[in-house]
Structures are given as structure tokens and as C-alpha cells.
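Assemble the complex: chain A is given as a structure, and chain B must be docked to it using the hints.
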Amino acid sequence: MHKPLTFPWAGVIIATCSVFLLMLAGIGVGYALAVWLVWTLTLWITQPDEQRAEPDPRPEGISRARLAEMIENAYSPLLLVDRKRVVIANGSARKLLGHHVVGQDIRVALRHPRAIALLDSEDHGEAIVTGLVRRKDVWRVSRYAIDDRSSVVELVSKTAESDISRAHTDFVANASHELRTPLSSIIGYVETLSENPEDIDQATARKFLDTIHREAQRLQNLVSDLMSLSRVEAEKHDRPEQPVPLNALVERAAREGAGPNRIERLAFEASEEFEVLGDPQQLEQLVRNLVDNALKYGREGTPVTVRLSESALGEAKLEVEDRGDGIEAEHLPHLTRRFYRTDPGRSRQSGGTGLGLAIVKHIVERHHGRLDIDSEVGRGTIVTVRLPRLGKSRPAPDAVLERFARTAQPDSISDEPDRLS
Amino acid sequence: MISEHTVKAFDEDITRLRGLITEMGGLAETALEGALDALIRGDEVLAERIVADDRKLDALESEVDRLAVKIIALRAPMADDLREVIAALKIAGVVERIGDYAKNIAKRVGRIEGRTRFEPLTLLPAMADVAAEMVHDVLTAYAARDAALAREVIAQDKKVDAFYNSIFRNLVSHMVENPATISSAAQLLFVARNIERIGDHATNVAEMVYFAATGDYPLDEEEN
Numbered sequence: 001m002h003k004p005l006t007f008p009w010a011g012v013i014i015a016t017c018s019v020f021l022l023m024l025a026g027i028g029v030g031y032a033l034a035v036w037l038v039w040t041l042t043l044w045i046t047q048p049d050e051q052r053a054e055p056d057p058r059p060e061g062i063s064r065a066r067l068a069e070m071i072e073n074a075y076s077p078l079l080l081v082d083r084k085r086v087v088i089a090n091g092s093a094r095k096l097l098g099h100h101v102v103g104q105d106i107r108v109a110l111r112h113p114r115a116i117a118l119l120d121s122e123d124h125g126e127a128i129v130t131g132l133v134r135r136k137d138v139w140r141v142s143r144y145a146i147d148d149r150s151s152v153v154e155l156v157s158k159t160a161e162s163d164i165s166r167a168h169t170d171f172v173a174n175a176s177h178e179l180r181t182p183l184s185s186i187i188g189y190v191e192t193l194s195e196n197p198e199d200i201d202q203a204t205a206r207k208f209l210d211t212i213h214r215e216a217q218r219l220q221n222l223v224s225d226l227m228s229l230s231r232v233e234a235e236k237h238d239r240p241e242q243p244v245p246l247n248a249l250v251e252r253a254a255r256e257g258a259g260p261n262r263i264e265r266l267a268f269e270a271s272e273e274f275e276v277l278g279d280p281q282q283l284e285q286l287v288r289n290l291v292d293n294a295l296k297y298g299r300e301g302t303p304v305t306v307r308l309s310e311s312a313l314g315e316a317k318l319e320v321e322d323r324g325d326g327i328e329a330e331h332l333p334h335l336t337r338r339f340y341r342t343d344p345g346r347s348r349q350s351g352g353t354g355l356g357l358a359i360v361k362h363i364v365e366r367h368h369g370r371l372d373i374d375s376e377v378g379r380g381t382i383v384t385v386r387l388p389r390l391g392k393s394r395p396a397p398d399a400v401l402e403r404f405a406r407t408a409q410p411d412s413i414s415d416e417p418d419r420l421s
Numbered sequence: 001m002i003s004e005h006t007v008k009a010f011d012e013d014i015t016r017l018r019g020l021i022t023e024m025g026g027l028a029e030t031a032l033e034g035a036l037d038a039l040i041r042g043d044e045v046l047a048e049r050i051v052a053d054d055r056k057l058d059a060l061e062s063e064v065d066r067l068a069v070k071i072i073a074l075r076a077p078m079a080d081d082l083r084e085v086i087a088a089l090k091i092a093g094v095v096e097r098i099g100d101y102a103k104n105i106a107k108r109v110g111r112i113e114g115r116t117r118f119e120p121l122t123l124l125p126a127m128a129d130v131a132a133e134m135v136h137d138v139l140t141a142y143a144a145r146d147a148a149l150a151r152e153v154i155a156q157d158k159k160v161d162a163f164y165n166s167i168f169r170n171l172v173s174h175m176v177e178n179p180a181t182i183s184s185a186a187q188l189l190f191v192a193r194n195i196e197r198i199g200d201h202a203t204n205v206a207e208m209v210y211f212a213a214t215g216d217y218p219l220d221e222e223e224n
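Residue numbers (the numbering used here), protein chains in the order written: chain A, 1 to 421; chain B, 1 to 224.
One chain only, chain A, in its complex shape:
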């Protein structure tokens, strides 16, 4: 533990000078030497331990810039809050809440009253908060106080868990009615046929069997639609990551959706090549459902146009346009609800399950896109799906980027754009 002590030059020089003065003042050389010896020896005794005297070359705390680097690539969104202001937001937090939160009041990022109450408290704590980014999101916000000024806020998504229970109850309520109707007519006809077969002539039996066949077919369609709906729903929180060239896929799926009998009515237009991140099977199903609807509800012999172009916000825009009777405005808001029908009789007749647009909506949501339906009675309907294009993030307002560039420390946070959004 003992380190070689440094030579106390200053002390020795002062001692020597003092002793020299003593000698000049007429003190004997022997005395003077004794004083010098005692003086210099005490210098070694009183010299403080070197280790304590010098500051630690490696300080305990780390700089803010280092901290920002450390949490930058953490999986969950993390925010460092200093006196209610966000000073650091890591990569996933910026992606979740937007680049603008850095430098802003924390309430701008998390405005839910429960989150604000948590941030006003002094202690560690957590709160369950809904509607952080999208409205139905559920997030757990945890706050860890570092000292009386700063704290770290961590966000963990709980959306998937809370969705599962709700989806189950919805499913049972909706599906049981739809499944029971065809089943009861199948059972009814089968009972009639088997109980008194001698009373039924050949033609009537034929008719009954046709009905049974049709209802069974409907049941089969319903089951397969329900399956795909629940599959899309199960995956709706993991965004697909496969790059998909949209043009070829849309054209192929549209042909499939039309089938050989109606293919002449189909027209395909594209302004350029589009590529999106997606699940090819689901995107095909989306196009098939939309094209099938358009052909079914468009007037016999009128064309259905499938069009790909760029939207005003730079997204890939897919439009499916028919020339049919159109849909009255009051129905528009409900069209994507499961089992909603504008005209129950007609829809059942044409073999619809009432799930087509619900499936489309879920697929669009999973791809972080938007679905709009525009319709005019007597002229037709345009269904528009907008999907974010690969490699082209939605242009952030310049002002935001500019401000972010200014507030970000040049050595702390790299201002690289998000790869996926």
C-alpha cells in the first residue's frame, strides 16, 4: 500500500533557508544542524498520503453523452428526464414518440394523466397508460429516480396482452350467430328429408339438397374467413418485415380474385414500381377481397379498375374502383365492422360472409397503412389503401428535423433516420 513518497522540495528549501538565517543570527552550527534535521524529518511525517491528495483519474459518474450512447440501442424505449424536460431519448423512444420529444417538456411525450402523476412524484413507480401513440395502445410506464433532478423513464408495450381477452369475447359473440343460421337450415332440411322421405318427390328433394349444399358452402367460407381474420389479428402487432414488390403481387392477386369468368372486367394501372414491407400472402388476400367485392357489387359488365400510384404523403396508394350502385353515406362508417351488411339479403345471396372488409382492415392496420372508402350513390365506390413505401420514410416536417439537429449534442446522438418507418 505504501507508495514512494515524493521529495518535499519546498519544505526542505524553507528549512534550509531558515537554518541559514539562524546561523547568520549567531546560533551555533551544531544547533542549527539539529534544527534542520528535525524540521526536514517532520516534513516526511506530515506529508499527506499521495493517493488521497490527488483526484481519482477515473471519475465515478459518466457523461451524458456516454449515457446516451449506452442506451441508444436498447430494445425498449428509454427517456432521460431532467427537471421535466426530455434530455435524452434513445432510438426506439424516438421512433415511438417522434423525434420532436427531445428537448421538450415530458408532458408533450406522455400526456396521459396517470403518466403525468407518476412523473410528478419523487419516487420510483410505474403506471399503465393507454393511447400513447395509437389510441388503443397499452403501455407500462416505469420511472426510476436517479436523483432529485433526473429520472429514467422506461416504456414497455402491453398492447398485445390486453387485446387477446377482448378479441376472444368479440369473436364468440359475432360468430355464433352467423354460424348458427346456416346450420339450422341445414339441420331443418336434413330432418325433413330423413323423416318422411316417401312424401317428397324427386324435384323437391333436389331443391332441398341444393339448399343444403349452398348453406354448407357458406359455412365453409365463413370458417375459412374467420380463420384468416383471427390469424391476421394474432399477428397484428408484429409488423411484417419482408420487402414485397407490390405491382406484380397486386396484378396477380387481382386476377385470382376475379377468376376466369370475370377477368375481362378487370383493368390494371400503375404509375411506377412500388415496394413495401409486408406479408405477401396477406397482401394478396387484401387485393383479392377488394377486387371480389368490387366485381360483386359493381354493375354487371362494368369495368373494375385497380390502380397503383403515389399518395400526397409519398405512400403507395392502391385504389380499387367499381361502377356500381354505390353505398349510402350512413353505411360508410360501419363497413369494416364484422358481419355488417348494408343489404343483408343481397350480400348473403352473393355468398358474402360479412368478413371481407374486416379482414382487409386488419391487414392494413398490421402494415401500418390506412384504409379509406369513398362512395357515391349511383356512381360507384373507390376503396383506397395507403401503405408506407420501403426506403421512403414519411417526410418529417422540416422544422422538427431542424430543431432536433440543433438540440442534439453532436457527440451524443447520431441523427440517423429510422430504417423502417
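None of these hints come from the bench; they were simulated from the model. Some hints could be false.
Here are some chain A residues the structure puts well away from chain B; computed CB gaps all over 10 Å [what the hints assert, rightly or not]:
(1) L37
(2) E178
(3) L371
Using 30 Å as the maximum straight-line C-alpha spacing, the simulated BS3-like pairs for lysine-lysine come out as follows [stated by the list, open to error]:
(4) A/K136 x B/K158
(5) A/K84 x B/K56
(6) A/K236 x B/K158
(7) A/K136 x B/K90
(8) A/K296 x B/K56
(9) A/K136 x B/K107
(10) B/K56 x A/K136
(11) B/K158 x A/K84
(12) B/K158 x B/K90
(13) B/K56 x A/K158
(14) A/K84 x B/K107
(15) A/K361 x B/K158
Treat the numbers as computed from the prediction; the structure is a model and nothing was measured. Even for Gly, the Cβ is constructed at its ideal location relative to N, Cα and C.
Structure of chain B alone, referenced to chain A:
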């Protein structure tokens, strides 16, 4: 847009002002969600809590007023700073109104009988969903100074109006067929009206966000 100011305190004031506005927005948003929840489930305890919580919103509004007046009086902001402060003042007023409508919906919870029979009660949540989405988006647009998102919110208002018309017709025919339920149905009519107003107010805020961000008012014409 808002660059760093020589007077650091000005930056702090503006940040606080924005924080207060979003806090108000968060309160209004939860009040709206809660009021609809209380309405559908007939939960009068929740409804009472929402009515009581509205006071916080009022307190915040006067805090915004004071702070905005203080900023204008002491710092004499110019150009986009002034626009920001004026927009904050106006938005605070409108958000407070949204909270009032939510409170009003909550107050009606106890006055509706036989809620399971009402078909309009299944339509109202869907309508409120769109309105709540608008409120949510407009607050996000405000926080991010996102003019494009503000425009989208403005476009959404048509949907709420369509809902209102369909619910109105629905309720009127319901009243004609079941005169016994007229008093409850009339309450629902007011609820629908309140939600429709909330949509309009969200549109107003969107216009102000657009104004604060760009200095222009959004044109009526639809993009693409």
C-alpha cells in the same frame, strides 16, 4: 421553427406552455374515453369521477392563460413565437370545451334507462371512437408540430358528421316506435350531439395547429 432564444427563460416558458397544453389534452382525452365507457356500462361511479376531474382541466386552463399573458407581457414575442403563444391560448380554450362536453356526457349516464335495448347505444361507441381518434391525433399533431397530420384530422370530421346523421335518424325512428323510451333516447341524442361537437372542436384545434406550424390556414380543398 422556434430557434433557441437569447433569453433562455423564454425557451423555458414556451416549453412549459406546450407541456401544460398537452397535459390538458391528455385529461380531455381520458375524460372522453371514460365518459363513453361509463355510458355504455352504466357506471355512475366512474361518471361522477369524470365530472369531478373536470375541475383539474379548468385549473390548467387558467394556468395556461396566466402563463401566456405573462409571456406576451414580459417577453413581447414576435412572428412564429407570437403565433405559438396565441395558438396555445386558443387551443387551451377549445380543449377545455372538449372536456366540458365529456363531462356533460358523463352527467347523462344516470338518466338513461334500459340501456341494453337501445340499438343506438351500439352505434355511439363507434362514433365516439372516431371523435376520440381525432382528439388523440390532433394532440399528437400539436406535440409534433405536424401540419400534415393536422390536415388528416380535419378530413376525419366528415366521418363524425355521417355518424351523427345516421344516429339521429336511428334515434328518431326509435322514439316513434317506442314512445316509452323517449326521455332516454333524447338523452342519447344530446350525447351524439356532444360527440359531434367534440369532432368540430378537434377540427378547430387542427386548424390552429396548422396555423401555428405554417402561418397559413388550411384550404378547404381535399388533397389527392
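Hints, one by one, checked against the model:
no., hint, result
1, L37, "62 Å, holds"
2, E178, "17 Å, holds"
3, L371, "12 Å, holds"
4, A/K136 x B/K158, "22 Å, holds"
5, A/K84 x B/K56, "19 Å, holds"
6, A/K236 x B/K158, "28 Å, holds"
7, A/K136 x B/K90, "28 Å, holds"
8, A/K296 x B/K56, "54 Å, violated"
9, A/K136 x B/K107, "25 Å, holds"
10, B/K56 x A/K136, "24 Å, holds"
11, B/K158 x A/K84, "38 Å, violated"
12, B/K158 x B/K90, "23 Å, holds"
13, B/K56 x A/K158, "28 Å, holds"
14, A/K84 x B/K107, "34 Å, violated"
15, A/K361 x B/K158, "19 Å, holds"
In summary, the numbered hints that this structure violates are 8, 11, 14.
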